[in-house]
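Sequences are here, hints too, so could you generate the full structure?
Residue strings, one per chain:
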Amino acid sequence: MPLWEVFIRPRNGLSHKHVGSLHASDKTMAINAARDVYTRRGEGTSIWIVPSALITASDPIKAEENFEPSENKIYRHPTFYDIPEDIGHM
Amino acid sequence: MSPDLGKALLELADDNLILGHRLSEWCGHAPMLEEDLALPNMGLDLIGTARTLYTYACEIENSNKTEDDLAFLRNEREFLNCLLVERPNTNFAHTILKQLYFSIFMESYWAAALNSKDETIVGIAGKAKKEMAYHIRHSGEWVIRLGDGTAESHKKIVEAVDALHLYTNEIFINTQNTEFFIENNILPDRISLKSNWEKAIKSIFKQACIPYPKNDAELLGGRLGLHGEELGHLLASMQSVHRAHPGAKW
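Taken in order, these protein sequences are the chains called A and B. For the record, in the first sequence the residue sitting at position 22 is 22 according to the working numbering, with numbers rising by one throughout. For the record, in the second sequence the residue sitting at position 173 is 173 according to the working numbering, with numbers rising by one throughout.
Just so you know, the hints here were simulated from the structure itself, not pulled from any lab data. Ideal Cβ positions, reconstructed from N, Cα and C, are used throughout, including at glycine. Check the hints yourself; a few may be wrong.
Label pairs and their computed distance ranges (CB to CB) [claimed, not checked]:
1) B:Asn196 - A:Pro2: 34 to 44 angstroms
2) B:Trp250 - A:Lys62: 51 to 61 angstroms
3) B:Ser2 - A:His18: 52 to 62 angstroms
4) B:Asn62 - A:Trp48: 46 to 56 angstroms
5) B:Trp250 - A:Thr79: 47 to 57 angstroms
6) B:Thr55 - A:Arg40: 16 to 26 angstroms
Below, the structure written as structure tokens:
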């Protein structure tokens with residue numbers, strides 16, 4: 001039975017967030033199962049399901065070349081600007 | 001016989017409690033994890049409705065009884081549920097078909113109850129109707145997939161229809177307990193819901209490649225407290241904790 005990834009939007013204005021996966025024979029059954037498995041405690045206002053097989057993931061072996069180069073570029077973080085006080089929180 | 005709304009509500013509450021308990025029997029035993037959550041979820045919907053109805057029945061009777069007294073301290077002959085809901089789970093096909101039969105009936109029942117002159121009943125109906133709509137969707141999609149699935153799943157669901165369809169006439173029968181309240185627009189008229197129920201089941205059976213059976217069976221008795229042997233076993237299990245520890249609280 002195919003595996004599906006489940007995304008739930010907790011409230012209007014927020015984006016759908018990955019919450020887990022489940023098995024179901026097709027998309028209709030997957031939506032029903034997602035409702036039963038992941039929204040029992042009032043977690044959601046909308047459900048997306050995606051066949052897990054359609055997700056392309058980055059290769060864990062390439063984690064070093066993918067992610068380490070960004071670690072030593074602290075100037076990319078917006079922490080070097082003086083923000084005028086009257087702007088408040090950004 | 002003077003009209004007794006409390007007793008009329010017992011028929012409704014017992015249907016919900018007994019089917020809710022049947023669903024709870026799947027907890028930890030369902031064929032897949034997703035259904036292991038879904039079936040008890042639906043069971044909790046039904047038990048929740050039963051609790052509200054029992055509590056309202058106690059309020060009407062103005063007695064010192066509580067919902068627990070009604071659920072756990074009545075004997076088999078005092079239960080007024082229809083026979084369909086007490087049928088054993090047998091297998092997943094039986095369970096899901098029983099759920100479809102009951103939820104299509106109850107959804108239309110609660111829809112009609114939204115016009116009741118009794119505000120408490122309108123309140124209960126509003127909540128329960130939404131729950132039944134989901135039960136129909138869940139069980140209906142399964143019946144279609146079992147019927148139009150493999151040779152084995154088709155055989156199982158057709159066997160379930162053979163075993164359970166003959167219990168469906170009873171759910172449309174108005175009883176002496178309910179007559180007065182139907183005439184006075186407090187409770188819905190069950191028989192008026194039958195043709196739409198048949199239409200809905202036929203449409204699902206067609207998609208499921210299941211032949212719609214002829215049904216002139218008169219398997220009655222549940223509303224009079226005359227039940228199958230299986231209800232005794234269900235009550236023994238459901239009531240044992242309460243009877244062993246009277247008055248115990250969570």
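Practice problem: Run the structure past the numbered hints and jot down the numbers of the failing ones, going up. | Solution: none
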